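> Next come the chains, spelled out residue by residue.
There are 4 protein chains.
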Amino acid sequence: MSKVFDVAVLVGSLRADSLNRRVALALAGMAPSSLALDLVEIGDLPFYNPDLETEAPPAAWARFRARVARADALLFVTPEYNRSVPAALKNALDVGSRPYGKGVFGGKPGAVVTVSPGAVGGFGANHHLRQSLVFLDVPVMQQPEAYIGGAGDLFAEDGSIAKAGTGEFLGKIIHAYADWVARLAR
Amino acid sequence: MSKVFDVAVLVGSLRADSLNRRVALALAGMAPSSLALDLVEIGDLPFYNPDLETEAPPAAWARFRARVARADALLFVTPEYNRSVPAALKNALDVGSRPYGKGVFGGKPGAVVTVSPGAVGGFGANHHLRQSLVFLDVPVMQQPEAYIGGAGDLFAEDGSIAKAGTGEFLGKIIHAYADWVARLAR
Amino acid sequence: MSKVFDVAVLVGSLRADSLNRRVALALAGMAPSSLALDLVEIGDLPFYNPDLETEAPPAAWARFRARVARADALLFVTPEYNRSVPAALKNALDVGSRPYGKGVFGGKPGAVVTVSPGAVGGFGANHHLRQSLVFLDVPVMQQPEAYIGGAGDLFAEDGSIAKAGTGEFLGKIIHAYADWVARLAR
Amino acid sequence: MSKVFDVAVLVGSLRADSLNRRVALALAGMAPSSLALDLVEIGDLPFYNPDLETEAPPAAWARFRARVARADALLFVTPEYNRSVPAALKNALDVGSRPYGKGVFGGKPGAVVTVSPGAVGGFGANHHLRQSLVFLDVPVMQQPEAYIGGAGDLFAEDGSIAKAGTGEFLGKIIHAYADWVARLAR
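Keeping their order, the protein sequence lines are chains A, B, C and D. So the mapping is simple: the working numbering equals the position in the first sequence, first residue as 1, plus 887. So the mapping is simple: the working numbering equals the position in the second sequence, first residue as 1, plus 887. So the mapping is simple: the working numbering equals the position in the third sequence, first residue as 1, plus 887. So the mapping is simple: the working numbering equals the position in the fourth sequence, first residue as 1, plus 887.
Hint data in this document are derived by calculation from the structure and do not stem from the laboratory. Computed from a predicted structure; not experimentally measured.
As the list makes no split between identical chains, a pair holds if one copy fits it or if it spans any two.
SDA-like, lysine to any residue: derived pairs with alpha carbons at most 25 Å apart: (1) Lys-1050 <-> Gly-1005; (2) Lys-1059 <-> Val-891; (3) Lys-1050 <-> Gly-1036; (4) Lys-890 <-> Arg-1070; (5) Lys-1059 <-> Ser-984.
Assemble the whole structure, with the sequences as input and the hints as a guide.
Structure follows, in structure tokens:
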């Protein structure tokens, strides 16, 4: 039996009906059997504040850190807010990176998918996130780059993917990522 | 009598004894009489989530938006977290930028000061913030760039600035900013 | 009589039939009478190398520096190469920024227009260029941001603009830039 | 016998007595026996211009492309010019990335070392280069990040490294890079 890699998926939008959440679920549905994708809650994490880093940090921080710590790999699916990473996702990075020397991300292979209604496809958020992932020692898949633009009409009313080309591209991404994880996971 | 410009100061750290807060207060103390600096609370803002953008959005959002809307200018003083902008500050941008078409930042002259204990002085956070401020239509002072590194020993025990060179540089920054505000504020 | 501002236009592509050059010429044709746009040659500048910074630097460097020094304002129109600024344009910045303390760009109001056949519209080049312009003390117009994607079919065979919407957007950009120059030029 | 990986080293400064060249040579001297570092000339490459991409492109382009194509891995050592990548190095990326579909960089493991006299250590150039390397499909070592600041007095008059701490850090970098190459090279 082959190894199944546990992938922590962090979605940058908190909307209940988020396009990004739907893309993340679509990727989970297309993933090869070597990957098990799990969407990890980030909306309940108090803002990172060193003053809260006591012997009893916020329970949501502890829960999040423990969940990510046991993952084999990381997948980020996010919109762009103001040409950068949404605060909720940036906060998850800040919380998971601490306490100093005990961050939970280091060494886990990652990929970044940005999704937006506009044409630019979240390019700014994508690369800002990548800059943080250098510091966090997350080796990020380089190609295919995933800037999913025009996402407003990506899904049909029944929840299926309405744009065949984008659907195929998402499949290509998740399979390339599976190869990346297989090469890099420890 | 000359105009006094109301400057909303956003500090990126939530620590009670934050170095960045102290730098912001030092800048307030050095500012020429044409500027009135006011530190605006951002730590209580719920994460931006479009689902909360109802007719009755969170009270903290409304308070923050109203405060910034009446400011003449913006000053950002922030550490770098994971080579980018701390989530609490990014969230303040996200909250203030919405609802669509009703953002509160546009057109107000701004400046970015980054402060960190390390040598790099928050360069990554500084430029990520600037990228967002392009979208938000905040004209940002270009020079002097303010990457305040080695900030761990910037202040003496009595709260005064222990490094004369850095103190002079902060004075230079706030005076250049006063000129920038005088040129650009509407 | 009103002041006419001398605008040095730097085009990032060296192709004879460059789309970017055509966009630059289109902008020149649409500009209000307060602006005189002049495309400045950058393709003949030897790579910046401090060893060449003698009492007799390369003639092309001297010519370029003198031309930009007398301009009132700067307009950059460029494709994206490898998610960043084309080398020829970056070299023009490097040459014009030196010798130390004698750079020719400082204080001149600027704008950045990126043009590409793809959907992303040169976002990466646009913001990398902006980061350099912080250091060079060029106040850059923030809005409208100009990421001109899908440029492969922007022009008709007779050289006119085939996409009416993009044509209107270019007009909006050059008029906003004229306002920016009028406010900021010294 | 173990494999020895052929590493193409691209140095961003063209100065004869460049600090970056000296750092590159120091790294070559410290490298484990699994790596053979070779400094590849980039200063003679004509600016990338699609019009020159004929059946007989410039000889220097052909020479550079052939040299990089046979390398197993890539090491970039560069100063920062105007908060970004020096034009000569960016041009090497532009030349090596073309013709479309025949780029020579893809898949080769890489590392980025930035070296500057100032405190910031070339952070801006480092991350701009990394953004291009995403597009070029070069998997880049994330940690240790290498921002070598204060490089003006790094070398003693006899050419040896005068700062022991920096010397040790360079050794750490080249050994981490050797591990990265061993994991990723094909």
